[in-house]
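Student: Next come the chains, spelled out residue by residue.
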Amino acid sequence: MKRTTLSIILIGISIITSCNKFDNINIDPTRSSNLDPALQLTNVQLRYSGDLEINEKIHLCITMPLVQQVGGIWSNRWGQMYIYNRLYLSSLWDNSYNKDVTDIVSAVERSSNNPLMSNLNAVCRIMKVYEFARMTDLYGDIPYTEAGLAYSKGITHPKFDRQEDIYNHFFEELTAAAAQLDPSKDVVRGDQFYNGNIAAWKKFANSLRLRYAMRLVKVNPEKAKTEAKSAYDAGVFTSNADICLIHHEDVQNSYSDSRGNGLSAAFVQSEVLPRVNNTFIEQFRLTNDPRMSHFFRYYIDIINRPFDRIDITDQVREKIGYNGVKPTDYVWDEQLAPLDITLPNGTAIKATSNDQKVQLANFLIRNNAPFFHMTFAEVELLLAEASIRWNVNWGGTAAEHYANGIRAACEQLSLYPTGPKIETALINNFIQSNRLVPGSEIELINKQLWIALLMNGTEAFANWRRTGFPVLTPSLTGESTTKVIPRRLEYPINESEQNRANVEVAIKALGPNGDTWTNRVWWDK
Amino acid sequence: MKIILIGLSYNKGRLRTLVKSMKPKMKLTILLLAMGVTHVHAHIYAQKISIVKKNSHLKEIIEEIRKQSGYDFLYSNDLLKGIKPISVNISNASIEEALSKSLKGLPISFKIEDGAVLLKRKTASSTPDVKGHVASKKETDLEQQQIHGRVLDDQNTPLESVSISNLTNKKGTSTDKLGNFTIEAKAGDVIQFTRIGYTQHTVTIAPDQQQLQIKLNVKSIQIEETVVTALGIRREERALGYAVSKVNGEELIKARETNVINSLAGKVPGLIINSTAGGPAGSSRVIIRGNTTVTGNNQPLYVVDGVPMDNSNYGGTGSGQYAEGFDMGDAISAINPDDIDQISVLKGPSASALYGTRAANGVILITTKKGSTNKALGIDFNSTSSFETQLTKYDGYQRLYGQGTKQNAPNSPLQARTTLFQSFGARLDPDLMIDSYDGIKRPYQYIDDNIGGFFRTGSTFSNNLAFTAGNETSSLRFSAADLRVNDIIPASGLRRNTFSLNGTSKFGSKLTLEARSMYLNENVKNRPALGDSPSNMGNAFIGLASNVSQSLFADTYKNPDGSYIEWGGGQYRLNPYWVINEMYNNTDKNRLMGAAQLNYTATPWFNLQGRASTDVTFLNFEKFSPPTTPGFVTGGLEQTDRKYVTTEADVLATLQKQVTPSLHVSLRLGGSISRVTNSGNVMQFTNMTVRDVITPTSFTDKNIVPVSYARHLNSQYGLLSLAYKSYLYLDASVRRDASSTLPQNNNSYVYPSLVSSFVFTDAFKLDKQVLSFGKLRASVAEVGGDTEAYLLDLYYAINPLPFKGQAYGGASTDVLPAKGLRPTRTRSFEVGTELKFFKDRIGLDFTYYNQKSRDQINRVPIPNSSGFQNRMINAGMVSNKGFEILLTSRPIVNENFKWDLSLNFARNRNMVESLSDGVPFLTLSDARWMSVAVVAKPKADYGSILAFDYQKDPNGNIILDPVTLLPLQSEERQVVGKGIYDWTGGVSSTMNYKNFNLSFIVDIKSGADMFSMSNLFAASRGSLESTLEGRSEWISSEEERQAAHMTIEQWTEAGNVRGLVPKGVIRNIDESGKETFTQNGRAVDPSIYWGQIIQDGGVASPYIYDASYVKMREIMIGYSIPSSLTKKWGLQQMQVSVVSRNPFIIYKNVPNIDPDSNYNNGNGQGLEYGSLPTRRSWGLNLSFKF
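Protein chains in written order, with the working numbering: chain F, 1 to 525; chain V, 10001 to 11186.
Chain F extracted, bound-state conformation:
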């Protein structure tokens, strides 16, 4: 009896206590432990222009209204009237460091020193520069060399790098990555920009280098010139076929979907869509720009069915011309008398006050609108500026580059689904009648860049800060929380609280004005 019971206990306990080993119980069967870096590249490329949260905040809420391209609705007020909103200023940082940075840093790391991923690695390195450039241009000094390394290197509190150092590293990286690209090596899969075209990536790397070189014209003209020259020599975009863009799917993104164009989703999810700023319209009117009637349209909106809106451009334009919103106005501020118009189907209606304020045309804000990362037009206009600044001839005179830039900018619109194909004669005519005027070349060039960079608010904002053109009058209202036009984004509250020691160093470097959105980044000094 005793023996039996004892053995029952022993058997029972031994079954239960057998071991501390649980084999694979603690490994999630539904997720990957070693994802192909190419899939991360796709993710980062897609989210750059697809993530609704980031694109809504940085473009629609802040930079596009700041450069006075659009405005008039609540979502625009932060940038349009300079109303401070720390959360919006934090959005890019808080939503890309722990996602896009993590992925692109991991993709670069996990593809390096692997001969089968040599080209993929080079592409990821370029993508990494591109990703960080958007952030440093907006925030200034940021964690760069130590960013996104918590898992692989255990760095949980990255130091901030000086923007100057970051830029120097950009030039090195772009040079090295372009050199690493080799058509005889691995085929890059997952690439949504160029579908693995190695030659195109080389040109993109060099063109980016040109863009970042020109960023330095205020702070270090010598360096700007050297880098721009070597970028040009290495081979930049030579036609619209080289443009770096991504074609989105025709999906209206939610905050968790990146397949459609994120900026489009931000536009069309508003009950009242953004209007065009009169400052922007004025530029088109003064130059008699042939793109005007394609960009600016009058619509009768249908709530929640943005693309069913009724185009009444012809009827309204004939009575009041092109009218957007004043830089200081909301769309509902200036109440216009109702206009009697007749719709194409013969119905007579009254166009309300809102209906008489122009909006961006459907093609620009469709869910499947491509996002232009870098265009041939931009390259040409930058080259035009370089020619003027340094009196150089890199493949053409300033006037030639300028003309090429305008032409490319007009022609690139046909790359939008349902986008206009502007007649060559009209373009020629436009170029002819808007030649560079001595003494104001840089202004004219950058006003064209302002137009060419429509729908890429952060780049337009960077270019305005770099050159001071177009000259913008601060649009101050009673709601404005600052009297000058903001020029950078503030560090997020999370970062300043959790990475205090490192943030303090960066804030100190910002000088007496500290971490404010009216302070300036290094290259904007």
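Hints were generated in silico from the structure; no laboratory data involved. Any given hint could turn out to be false.
[Unchecked claim] Quick list of the computed label-pair ranges, beta carbon to beta carbon:
#1 V/P11102 to F/P474: 28 to 34 Å
#2 F/P417 to V/P11102: 50 to 56 Å
#3 F/S414 to V/G10805: 24 to 30 Å
#4 F/S433 to V/P10802: 27 to 33 Å
#5 V/T10689 to F/L87: 43 to 49 Å
#6 F/P417 to V/G10805: 35 to 41 Å
#7 V/K10952 to F/P417: 55 to 61 Å
#8 V/K10952 to F/T516: 44 to 50 Å
#9 V/E11033 to F/I349: 40 to 46 Å
For each residue, glycine too, the CB sits at the ideal point set by N, CA and C.
Knowing the structure of chain F, use the given hints to seat chain V on it.
Tutor: Showing chain V alone in chain F's frame:
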């Protein structure tokens, strides 16, 4: 033979026949046996008797018993002659108990027959009061010899079937019908006498002993209160060295809660229960003695009949800034209150150390009802119907101004739509007709209880039927429950059916099998969306202009083609009528629980027990948003299919021995395994192309995310219990756990506990006149803890929707995995005392505890720039210190009236002692507005509310922005409050007057704060009374200005502006750089001022309220139909009651909403946004037993 008779004791006719056929002496024996053993049943079924009399004649007492019991008494008149006056103190006793107590020491015996009590003189006894030597042999003989003896009860009646075992030589026997026995023993052997219903007796054989006469005392009369403790071990309360609170099942079934755990609110000291605004189908947050982990789960472990139960929270709203979603309910709500016999709350690690890891936050032990060994079929029926209305109303809204901005009423349908949530219009005037958004003009008048009008009167119907049956070897209980709830939220409701079957059977004398099964089927229609969800109905109407009736939107929410009509709430606030009429969500839950327990009593001192249980829940959730729903313009269908499986098994060996007459030792050794595996799919379908059927194939975009969770735990444990003379008890336990969630080289951990109890009144044999019982207890314990699954490695996830057919993905978490996690530890120390005064009329239970959880496995924020938002790390310490007091009293007991009053009080200080180096604080929950967060911050209370406060000048005046005159924000976020309570308490009272009883429970909570974003929003929209200041002045000022044809600048220049003059000072810096402050005297337009308060940069402090409250939790008025009537109807018992849960709030400080409101059950409590009103219920309960 005996047991059969016991079983028959209620079948009185047959008993009588049987009894009649026996010899008189035997009859009495049998009856007395029946009384003693059936005590427990009598306890449940019989009328309770309470008598307190001093120096009264026995006749008076008998008369009293007659009145209260309804039994007739038969006795000869000379029986009571010569009986001296006696004192009795009987409370809540059965007739048998009452008689035994009253007749104790008197030469009178009683028997109960056919509803009557027979009293007769005891036959003289010649047996000496024995437990020792009767006869002896001359010489010492250590040889085994036959010892003969006899066992009698305290009435000197021979006892049959007493089991007798020689603990030394392991021989055993039992008494015959005449109480005689023979057993082999030698000098020094210990003989143990055991019989059900009698106290166990042990004798050591003396050297020359040959005969024994043993007297066993009836146990029932002095039966000790027992409680169920860890592992299902039932123990005498006096032996416990830690605080255990128990609640009887009876208390839960009249005034009912759809989630039974909510019934405990206010009843148990230190137990804090919050239910979300999720309503009847929502989950509850239960906290015992504070939060022990910073970011982990702080909910207690639920154990049903000794087996841990799955208590998955099926999903909530999250804790982020834009947290939204549904409260999917919790697992404990599946337990049918009618199946509960008792709930024990084990509060600290000392009590729960044997349950290990999952018990660090305390254990709630549920013992279910069992079948009785009563052969007759027993039927219980219990039914409650109640009606629910809103407990809180939006009653702090201003009634003077209507829709509009800048003091103007809207003058077009468009303006009516854009100012829908603006009450900054003109003064309300019922004669004024103004435009509505649909183009119709309506009166500009205040609408009373506007938001309240949206809700309906809810109703709840609960019906339960239970059958019990049994015989001497088996018993069975089956119950079926049906619960139907129509919530106060239109179109929202719940239907729950529970079936449970509980059986016990004895196979022979050594093997007992107990099996239990439960099946639950629950369907919830339209759970309300919470938090920042666009379909949160609690949010949708907040700030609705005071003259716009919510009912206006009932008929105007959709176009003739069925598409959504924009009502003015935009994408983030959907028209609630669209939500309830066009959208839907549906939850189906099927749950099966099964458990089996096998007990093998090999010998009286050795018992082996094996248990196994499984608990499977299938949860299917579906949510549909038709096309044109803002946010789901193309239509959306969300489906979640999940399966939760918990399997538990354990073995427990118990060895016990009465080592010496005064020392009892027991040793329990056991081991258990726990396997939790959850799996499922979360599916989203968008772009609805087929409209007439709502099914995944009607959608073109399909997005499926599989989810998985697995956690295994292997444990071993031992418990050594020593009991010395039934007044000193010592328990020592040790447990070792191995968890699958920790790194393999560091996944096991061992922790001990030491618990002691000392009944000093017995030890020192103190006079019991004043202090009738006194006990001291002390314990120290440690519990180790693991973490969640899958936190050790980095994973990548593929995006559920491919891009142009191509897969893509990335790192799937923002939590940095930690490879080197160690187990976390909670150590506690507890002392307490339990005192009873004046023969138990007053009882006091006091506990002080101090517990520290160290090596916390925390989710610690790291800068986003690291690539992650958080990391898992062993760091930090959380402490909980406090005391708990339970005061029970019976202020009045007399013939007709009895009053029980109990008070409880608990103070807990929950502090974050430290966090990881360099972590200034940890966010537990982020508010939607104004950067307010609930955090864990070192050296601050757990759950501190962090917000921007006022900037103040050296004199403490609020500094205002020189332009807007809004208060300036402090430089950094500061601790402005905390989300957890300082102390909690409760008062519960039960009064019985004849057949009536009245009881109530008051729940008191004090010291927490709450950021009410509903009130903030209402203020910014001009709905709150606080926004009235300066409005009429501004209007007249503007009228005068216009009359004077002056611009606002000129008017300001002239110093004529009147309006809202914000209180505070303006900072000036003079030329020398010196700071001065001047009082503000300037007026602003109130509509502009209030509109700006909610913006980033605003000061949250005015909307952080003291969340203390005093609530009437429950009121019950019952009437028991007299037994004379119920007998006629063939019922054993019948009771009707008027019941109410949450009838009213006695005190609160937060306007418009219930201070209990929240939108998730996470650790970050203290935030409220768009909470739905809580419910009050009134109803009728009917219960009867056959």
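Student: Indicate, hint by hint, whether the structure satisfies it.
Tutor: Each hint tested on the structure:
1. V/P11102 to F/P474: 28 to 34 Å: 33 Å, holds
2. F/P417 to V/P11102: 50 to 56 Å: Since the Cβ atoms of F/P417 and V/P11102 sit about 51 Å apart, the hinted range of 50 to 56 Å holds.
3. F/S414 to V/G10805: 24 to 30 Å: 25 Å, holds
4. F/S433 to V/P10802: 27 to 33 Å: With a Cβ separation near 48 Å, F/S433 and V/P10802 fall outside 27 to 33 Å, so the hint is violated.
5. V/T10689 to F/L87: 43 to 49 Å: For F/L87 against V/T10689, whose Cβ atoms are near 37 Å apart, the range 43 to 49 Å is violated.
6. F/P417 to V/G10805: 35 to 41 Å: With Cβ atoms ~18 Å apart, the hint is violated.
7. V/K10952 to F/P417: 55 to 61 Å: This hint holds: roughly 58 Å between Cβ atoms.
8. V/K10952 to F/T516: 44 to 50 Å: 23 Å, violated
9. V/E11033 to F/I349: 40 to 46 Å: Given a distance of about 43 Å, which is inside 40 to 46 Å, the answer is holds.
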